[in-house]
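Novice: The residues making up each chain are set out below.
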Amino acid sequence: MQAVLQRADRFLDRDLELKERALVIVAALLLTAVYVFPLWTLTMYAPQYPEGLRMNIYSYKLEGGNQGQDVKEINLLNHYIGMKDLVAEDFTEFKWIPFVVGAMGLLFLRTAVHGKMASLIDVIVLYGYFAAFSLWSFGYKLYSYGHNLAPTAAVKVPAFMPPMFGYKQLANFEVYSYPAAGSYALGLVIVLLGAAFLLAWQDDPGRAKRAG
Amino acid sequence: MKRTYAIWGGGIVLLTLLAARCAPSAPTAKKAAGGTSDLAVAAQKTYVAPGDLDEYYMFASGGQSGNIYVYGIPSMRHISTIPVYSPYPATGYGFDDDSKKMLGAFTWGDLHHPALSETNGDYDGRWLFANEMNGRVARIDLRDFKTKQIYGPVPNISGNHASAFVTPNTEYSMMASRFSIPLPKGSVAPIDKYATEYKGVVAAIKIDPKSGNMDLGWQILMPPFDFDIGDAGKKVSDGWMFWTSYNAERATGKLETTASQRDRDYIAAIDWKAAEKAAAEGKGDMIGGVRVLDPKKVPGIVYLLPCGKSPHGVDVAPNGKWIVGSGKLQGVTTVFNFEKIQTAIRNKDFTGDEDGIPVLKYESVKEVEVAVGLGPLHTQFGPDDWAYTSLFVDSAIAKWKLGTWEVVDKVPMSYSIGHLAAAEGDTVSPDGKYLVGLNKLSHGRHLSVGPSQPESSQLVDIGEEKMKLLYDAFTEPEPHYAQIIKADKLHPIEVYPKEENHHPLAVWDVKDAGVTRQGDKVTAKVVLVRSTITPTSIEVNEGDTVTVALTNIEQTTDELHGFGLLDYNINVIVDPGETKTVTFKAKTGVYPFYCTNFCSALHQEMQGYLIVNKKK
Numbered sequence: 001m002q003a004v005l006q007r008a009d010r011f012l013d014r015d016l017e018l019k020e021r022a023l024v025i026v027a028a029l030l031l032t033a034v035y036v037f038p039l040w041t042l043t044m045y046a047p048q049y050p051e052g053l054r055m056n057i058y059s060y061k062l063e064g065g066n067q068g069q070d071v072k073e074i075n076l077l078n079h080y081i082g083m084k085d086l087v088a089e090d091f092t093e094f095k096w097i098p099f100v101v102g103a104m105g106l107l108f109l110r111t112a113v114h115g116k117m118a119s120l121i122d123v124i125v126l127y128g129y130f131a132a133f134s135l136w137s138f139g140y141k142l143y144s145y146g147h148n149l150a151p152t153a154a155v156k157v158p159a160f161m162p163p164m165f166g167y168k169q170l171a172n173f174e175v176y177s178y179p180a181a182g183s184y185a186l187g188l189v190i191v192l193l194g195a196a197f198l199l200a201w202q203d204d205p206g207r208a209k210r211a212g
Numbered sequence: 001m002k003r004t005y006a007i008w009g010g011g012i013v014l015l016t017l018l019a020a021r022c023a024p025s026a027p028t029a030k031k032a033a034g035g036t037s038d039l040a041v042a043a044q045k046t047y048v049a050p051g052d053l054d055e056y057y058m059f060a061s062g063g064q065s066g067n068i069y070v071y072g073i074p075s076m077r078h079i080s081t082i083p084v085y086s087p088y089p090a091t092g093y094g095f096d097d098d099s100k101k102m103l104g105a106f107t108w109g110d111l112h113h114p115a116l117s118e119t120n121g122d123y124d125g126r127w128l129f130a131n132e133m134n135g136r137v138a139r140i141d142l143r144d145f146k147t148k149q150i151y152g153p154v155p156n157i158s159g160n161h162a163s164a165f166v167t168p169n170t171e172y173s174m175m176a177s178r179f180s181i182p183l184p185k186g187s188v189a190p191i192d193k194y195a196t197e198y199k200g201v202v203a204a205i206k207i208d209p210k211s212g213n214m215d216l217g218w219q220i221l222m223p224p225f226d227f228d229i230g231d232a233g234k235k236v237s238d239g240w241m242f243w244t245s246y247n248a249e250r251a252t253g254k255l256e257t258t259a260s261q262r263d264r265d266y267i268a269a270i271d272w273k274a275a276e277k278a279a280a281e282g283k284g285d286m287i288g289g290v291r292v293l294d295p296k297k298v299p300g301i302v303y304l305l306p307c308g309k310s311p312h313g314v315d316v317a318p319n320g321k322w323i324v325g326s327g328k329l330q331g332v333t334t335v336f337n338f339e340k341i342q343t344a345i346r347n348k349d350f351t352g353d354e355d356g357i358p359v360l361k362y363e364s365v366k367e368v369e370v371a372v373g374l375g376p377l378h379t380q381f382g383p384d385d386w387a388y389t390s391l392f393v394d395s396a397i398a399k400w401k402l403g404t405w406e407v408v409d410k411v412p413m414s415y416s417i418g419h420l421a422a423a424e425g426d427t428v429s430p431d432g433k434y435l436v437g438l439n440k441l442s443h444g445r446h447l448s449v450g451p452s453q454p455e456s457s458q459l460v461d462i463g464e465e466k467m468k469l470l471y472d473a474f475t476e477p478e479p480h481y482a483q484i485i486k487a488d489k490l491h492p493i494e495v496y497p498k499e500e501n502h503h504p505l506a507v508w509d510v511k512d513a514g515v516t517r518q519g520d521k522v523t524a525k526v527v528l529v530r531s532t533i534t535p536t537s538i539e540v541n542e543g544d545t546v547t548v549a550l551t552n553i554e555q556t557t558d559e560l561h562g563f564g565l566l567d568y569n570i571n572v573i574v575d576p577g578e579t580k581t582v583t584f585k586a587k588t589g590v591y592p593f594y595c596t597n598f599c600s601a602l603h604q605e606m607q608g609y610l611i612v613n614k615k616k
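Each protein sequence line maps, in turn, to chains A and B.
Quick note on my numbering: the first sequence kicks off at 1 and runs consecutively.
Quick note on my numbering: the second sequence kicks off at 1 and runs consecutively.
Chain A extracted, bound-state conformation (with noise of 0.2 Å):
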């Protein structure tokens, strides 16, 4: 059991090297990508919209478009099945996003400069719990949205869970969800730090040790 530990204690103790540490900062600088790239994009098109009603969701929020009706046009729709109106005030994320973007930056530049495996999987752990709940949170969102419908609706419809990712059929409107630009930058992020992980793992600096 001690020798596990120890092994562990000095595995998490290792330096890292030149080009791990600059997969970490490339990984931060890509976080930036969320202040300028949705992070989400809902497209709906039906007989009455053939160029369609485009909804982009970024991390700090809401745009339209067709220079911002089209948000107005979906909630404008909405209000017939008694939908909450779609307004940044009721997103919390916009808030909190930007900052949590901000503080992992500033990690993940901590653990280029710190240069240790222990902070490295400091990182990786938080921003994958980050992601994670991100992810939880925009479904939960979804689902109130649609689950939250007025008793008063014009047109009553049961509950339904619009489409997260992918496509779904909702009354006249094809819903097209997908991530955007930015979750796609933040995916890549997962993927450099996994890269950064794995190329520390390998260089085992006790390998060339008992091999000599």
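Worth flagging that the hints you see were computed from the coordinates, not collected in a lab.
The structure displayed is predicted, hence computed values, not measured ones.
Watch out, some of these pointers could steer you wrong.
As the list claims (entries may be wrong) - Once the Cα atoms are required to be at most 25 Å apart in a straight line, the calculated BS3-like pairs of lysine-lysine come out as:
1. A:K84 to B:K440
2. B:K277 to B:K235
3. A:K61 to B:K498
4. B:K277 to B:K296
Guided by the hints, dock chain B onto chain A, whose structure is given.
Specialist: Below, chain B without anything else, positioned relative to chain A:
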């Protein structure tokens, strides 16, 4: 006796047989037959598949309907109607406070000649001007296809037929009076003093180059001829304006005879830049509130060109050099040479004068008389010096060439063509391709609709050597002139952007909708949005003057809402992003209002009540 009867009887039978042999059941002369087309070619050239767009807009005058009709070319589909001089419940025009005020005391206008705004003699797609007989000119903004200004009645002008022709950079909309009267308007002179006491007038309406706003310019006093049609000079002749006139006889009474005695009437050539300068220098007299130049006192601004009997159309060729005057009672059209006109003016090559206006010697200014056919009225142009002249009496279009003056082709029109419109055919760079004949008679070429027959407009392919009839369309009464503009020159908006709505009574949130009162004046700020009119009930008192300000807060294409108020003769349509007001005096009772423009699945529910309480 019996024999005599037999001889007579036999003779009559023989004559009857002969007569039956002689008269064919249909006309045999080729030109008398109505136009036909090659089905396969015509169908291909005019078919615009569902969802596809036309290549050109045609803006056709609606004559006494007071409207402009918008067609797509080559499909000839009627796309839209722009009400100008008459109320039009379909769009609520003439019911809301602003358009009611613009129409003034009139509920009709005889709209004849649309004039697209120009830059350097080419359509620029900004505005469309249109005249009407009561002395008014309207401006339609092509950004939203709405009538924005009705200017007039212009002082001193009576019978504003020769209008609303614009100069090559839209400096002016020019007009001239068809019916001379004693001036100023309101004064009286006996009809037997017509030749001396009645006056014709040419008026230049100044157009603001930025806003398009029309304003009083200056006028020129003219002899009492009946001015008919005009066209502005272009390129070499820029700065000049040409007007046809009939009744050089200065006759009265039965004009069809009395005004058709002389072999030549006049085309008036006006150096409008010189007139503009003279007016700016303060020359002329104020008559009816406007500066009027008398050519007798201000020489060098007007000259008269003798032209074949009772000319109707005058059309300046794309190069500006040829001026084509069509004597409607002749078989020829006369081409004048602008350079020769200038030389004749320099050499004082005059044969006399009319009220002090020099008459140029016909032989010195005429280039050629082209035998186009009977009853030439108007000429339009194509590329490569092609000219197309409508022939009312022959019921045909003649194609001929400027320069060589040969007539190369004719196509029959069904029937009795008046104006014609070629694609950008009155600009400095005509497109060719399509031409529309605007015919006065359509009989027998459509399903019968009783005695009130529609007019007919026929699309002709002018892209090849031979003209080919492509399509018959039956246009609303009554197309006089039309203009055809390439579709990509127009960029209309489809909603009024919220940021541009500065109406003082506009509200953009249902929370701000409501009723306020000042004495017996009540203002209801109303929001229209799918599918509620907010407030859903408006309560006022008997005798109140109620202004309902309706804002359609939609910003979605095609989401129009209406406001029909029963028993009040009120129906307005409010476009997305627009605010309109209606004002009325309240009468006791309960009156439903509702959305008149089908907007949504719950359109039917978009309704409410005006509740007017009895006076206490």
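Novice: All hints are to be evaluated individually against the structure, with a verdict given for each.
Specialist: Against the structure, the hints come out as follows:
{"no.": "1", "hint": "A:K84 to B:K440", "verdict": "violated, 59 Å"}
{"no.": "2", "hint": "B:K277 to B:K235", "verdict": "holds, 20 Å"}
{"no.": "3", "hint": "A:K61 to B:K498", "verdict": "holds, 21 Å"}
{"no.": "4", "hint": "B:K277 to B:K296", "verdict": "holds, 16 Å"}
This entry does not satisfy hint 1, going by the numbered hints stated previously; all others are met.
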